[in-house]
Structures are given as structure tokens and as C-alpha cells.
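**Student:** Listed below, chain by chain, are the residues.
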Amino acid sequence: MRSVLQSLALWGAACVVLCLWLGAGKPAPVVGMFVVSGLAVGSLYALGGIGLVVLYRATGVLNLAAGATGMIGVMLAWQLVHMGLPDPVAWVAGLALSAALAFGYGRVIAPPMAWREPVVKAVASLGFALLLLGFASFLWSDDPRKFELPTDKAAVTVLGLRVTVTRLFVVAFAVLAVIGTSLSLTHTRAGLQMRALADNRKLSALIGVPVVKVETMAWTLSGLLFGFTGLLFGDLVRLEPAVISFMVIPCIAAAIAGRLQSLPDVLIGGLSMGVIESLLTLSEPLKSIRPAAPFAIAILVLIVMNRGRRLTFAGEE
Amino acid sequence: MRNSLIASLALIVLLPFAASGQWANIFTSTTCFALAAMGAGFIYARLGMVSLTQVALMGVGGWVTLRLNHWANWPFEANLVLGALVTSVLGMALALPALRLRGLYLALVTLMVAGGMEVVFTAYQFPNGGEGFWGVGTSFSAPMRRPWIAQGDAAYLRYTMVVAALGFLLIEAHLLSRPGRAWAMIRRSEAAAMASGVDVTLYKTWAFGLSGLLAGLGGGLLAGSLGLLDAATFRASESVLLFALVIVGGARFWFGAIITAVLFRVAPGLLNSWGVDADLALIFFGGSLLHAVMTAPDGIGGQINALFRRSA
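These protein sequence lines are chains A and B, in that order. Using the working numbering, you'd call the opening residue of the first sequence number 26 and step up by one each time. Using the working numbering, you'd call the opening residue of the second sequence number 109 and step up by one each time.
To be clear, the hints were calculated from the coordinates, so they are not data collected in a lab. What you are looking at is a predicted structure, and each value in this text was computed from that prediction instead of being measured. Backbone N, C-alpha and C fix where the C-beta goes; we use that ideal spot for every residue, glycine too. It cannot be assumed that every hint is accurate.
Stated by the list, open to error - To be clear about the criterion: a stretch of chain A counts as covered by chain B if any three or more of its residues have a C-beta under 8 angstroms from a C-beta of chain B, and this derived list gives those stretches: (1) 149 to 158; (2) 276 to 286; (3) 322 to 328.
What the hints assert, rightly or not - Here are a few chain B residues that sit away from chain A, every Cβ distance over 12 angstroms (derived from the structure): (4) Thr-218; (5) Leu-284; (6) Gly-305; (7) Asp-385.
Here chain A stands alone, though its shape is the one from the complex (with noise of 0.2 angstroms):
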């Protein structure tokens, strides 16, 4: 808990000095349109990111098909809406999915890859995200697409700002999921196995945790995860293959943020990650340039993390 706060108020603190600075003598709603729209965009890095990091822990693949996966599910789903399907029934087709693709995948590629490098079995998963692009592409040419939920015609104010509903849920469903997420790894039999994994895996399977099985869960539940981020990608940025697909380099972004590891680092870096891309159109020289704002503090974590470090055995990352 107390590490957590302490990355709130780091994190809070850089959002704060960068509104004050690039926000003065602007009027408070302007700057507070700007907070709010970064908080969005950044809820759906830090949603990618959660599903990334849960996937990570339990089985030490980073899915770089994490965009790849959610984009399917989110094009069936259009399909079938295009069909003329009832929308509550596309929606679960499409999560659905996502949720077996990632199943699939986790059940027959990745257990003949589980003793190779870390880096290997991203590079495996690059291959999975080619081949659902591709698959994609071809089914679903390049005509301009728009994919819609309910949510958008709603409205309500904040602040002064009418935000969509769909941008609300974002946000809320991101911080349930951390929590959900936190407290089942904490409190279940089956989160404590995903620990156990993540921790180690060779003494988890020595002592009985069955391997494959909690590997499978951790698999299903991040494809869920990456299905409902794809949804609202595709609702809230664009619907195309290749940019849903190629999503997953920010939402990677927001995993570094938690350093791969803490899901309250993820959603809270992910968050301010999005609200400081979004702030920087506020800075007349930084404006073009503003959404590398999610790698340059990436990499920034990343040389801060590890700061004073100093490998001299080559360890299994």
C-alpha cells in the first residue's frame, strides 16, 4: 500500500508541475479538457497494459500479439453488428474471441516454448500477431470502418466537460480491473498458484501447483482483457487492423511504468502517461511531437529502474 502512494504522489506530482507550467495563464477548463481526454486515452494504455502484466507474471510471455488478439474480437463484433445481429450478442462474440485466441495460443504454442528466453517467447508471439494481422487485413479490406457502443450518446458533465459515458467506463473498468485483479491474486487459490508461478516456476511445479492449468487461466483471463481494450480502441481511436494491432507499443508502454510487475504502477503510470501526451498540446514546441510522450517516459523508467544496477551473471532476463 505504502508503495503505491508513493508512486501516486510521484506520478500526481509530474502531472501537477506539468499543468501548472504549461497550463498557466490558460483558463482551468481548457487545461481541465485536457486532463480529462489524457485520462481516457490513458485508461485504455493502462487496460492493455494490466493484461499484459498478469499475463507476464503468471507465465513470463510478453504477448506482443496482446493488440493483434483484441483487434479479432473487436472486428467480429463489427461484422456481426454489420450483420445485423443485436449488439449485447457481437460484443460477447467478439470477446469470446479474443478470450480463445489467447486460450489457443497459451495452450499450443507457448508449453513447447516454456524453458526458452524471455525475449524468444515475445519474439514467438510477434509471429502470432503477424498472422492474425494478416488474417485480418485480408478478410477486412482498408474501407473506413466505425465501430459503436451505446455509451457514446451518452453524456454527462464534469467539471464543466460533457464526457462521454463510454470514456467513463474506461476509466472505471480499468481501476476495477487492477482491483479485481489484485485481490483475486491475494485471496484465491488460483491467484496464489499464478504467484507461486510467477515467482518460480520450476519449484511451483515441484510442489504441485498444476502448471499448465494456471498458465491456461492467466491466458484466457489476459485475452478477455486484451478483447475489451480492443472494443474500446476500436470504439474510441480507430477502427483498422494495423492500428489496434500496433496499440499494444504504448500499452507496453504503461507495463514498463509497473515494471512489468505492479498492476497499481501500471494503471497509475498508464493514466499519467496519457494525461501528460495529452497536456503537451499545450506546449507550442512539443505539440507535433507529443505522442512519444508514452516511449520517452518508458525509457525513462526504464533507466531510473535501474539505476545503480549491476549485472555480472547473465540472469534469465
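With the hints as your guide, set chain B onto chain A.
**Tutor:** Just chain B now, with coordinates in the frame of chain A:
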């Protein structure tokens, strides 16, 4: 080794005669990407380091070459070499976090750099002779000078291939001498390398610098071929795809880099001209990458090599 030399010489002499018009340009850009693939392939095969930013580094080399071309009246070679050197220095700067980070985290740093560079290239574009530091004019574009011995497309293709061959020989020379032995040792065990007096920091940085140098050369040559560069060529997704194909092509062999570049540059266009959807190429690439990672760690290049070994 001798067979390789004969094969590459034959390729350099014959291909420019065979390739005409459009194809000469396609093969030139293929050779440029082969240079970058070589760089990424060798640090992966020799040091196990994953660089997901190789195409973005090509963009840096291309940017510097174009910038110098429109700024000073220097010969093409000077611009090209300076562009490659700047890229090399940037590559070494990338190695700085790599010295403490290993494996996955290093790959992530390079991925973040690729993502950031994409944004920067899109925002500032490539110099085309306009005013100011960024040198981007809207309504015109100044000519890009080519080397005086290679003004035509076919001659430029041969020029590019010679540079690529020199790049390959540079890697070979490294592998056969002190750095190569140091890298082999580091790959085996960093602790053992340190204990026997190898300067791990120096040689890792050096490897990244060499890889960046090759990418920078590729980018500069691409700028000379096209005269203009487009930010869309250097997206993060392209860097990621090139690395995927480096593994498919085979990172340990020189012809692996060529296979990589052909798959990257020629295959999609070829499929299109045959009336096949080029997106199918992605499915094939993804499948081959999974196959290569799981069962054939040396890629297509390794399989060709095994074939020749058996028959010889």
C-alpha cells in the same frame, strides 16, 4: 566461404544487367534493407540482443544524408559516411541502457525508441531542400546528388550492392578477429568474459554501433536511390516486421539478410502483381516466424546452408 564469394560477385556483376527500369529501383531498396537486416541479424545471432528499431535507424541515416546533401555541396560518399556515423553513435547510445538491461528489457527499449522515432519522423518529415534546420519545403524538392560513378539506376544498384558486400565483409572481419572472440565469450557467459579480461561494456557498445552503422548506410543509400524519403517507410511496425523476417531469413548467414530483404521488399509487390492479396504474405511471415522460433532457429538461411553442406 569461397562459394559465397563467387555467388555474391556473380550477383553484383549480373543483376544490374538483368534488372531494368522499375526492377533496378526495387532491387536497390532491397539491398538497402538487406544492409539493415544484416545489422539486426548479427547482433541477434552473436549476442542474442533483439533490436526492434533497425528501420527507424535507417531513417536516421537517411535523414542525416539528405540534410547534408541539401546543406553542403559535399560529394555523396561524404554525406553517406557521415550519416552512417551519426546513426552508429545513436546505436551506441541505445546500447547504454543495454549494458545494464538484458534480453527482454533491451528489446523493449528499442521498441520504445522505434515508437518515438515514428512520431518524430511523421512530425518533422525528411529534408527536401527547404529552409531551416528541418529543411522541409512544401511545394518543391531539390535534387539529391548521386555518386558520380553511379548516376544511372543500374549503376546505382551495383554501387549499392558493392557497399552491402563491404558491409558484410566488415562484419566478417569483426567476427574473425578480437571482437568476434569477445562476442562469442559474452554470448556464452558474461561472467566468464569479464573474468578473462574482456571489456564487456566496450564490445557490447561496439556491436550496437556496428549494427547502427549498417542501418545508417542502408538509409543513406535509400535516400540516394529515391531522392526523397517518406516517414511512412520508417514506422515502428516496419522495424518490428523487419526483425521478424530477420529470424525467418536466418540471422547467422549473409544470404539470410538477402532473403529477409527480398521477403520484406519484393514478396508483397510480387504477390500483388500476381493478383494475390499481399496481406496473405503477412500470414505466411507470421507462420514462418513461429515455425522458425520453435523448430528452425537458423531460419531459411540455415536450411539452405544445411542443404549445401549435405550435398558437398
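**Student:** Compare the structure with each hint and give your call.
**Tutor:** Status of each hint after checking the structure:
1. 149 to 158: holds (count 9)
2. 276 to 286: Since three or more residues must qualify, the claim that chain B covers the segment 276 to 286 of chain A holds, with 3 doing so at under 8 angstroms.
3. 322 to 328: With 4 residues closer than 8 angstroms to chain B, the segment 322 to 328 of chain A meets the three-residue bar; holds.
4. Thr-218: Violated, since 10 angstroms does not exceed 12 angstroms.
5. Leu-284: holds, 25 angstroms
6. Gly-305: holds, 14 angstroms
7. Asp-385: violated, 5 angstroms
In the structure shown, a violation is registered for the earlier hints numbered 4 and 7, in ascending order.
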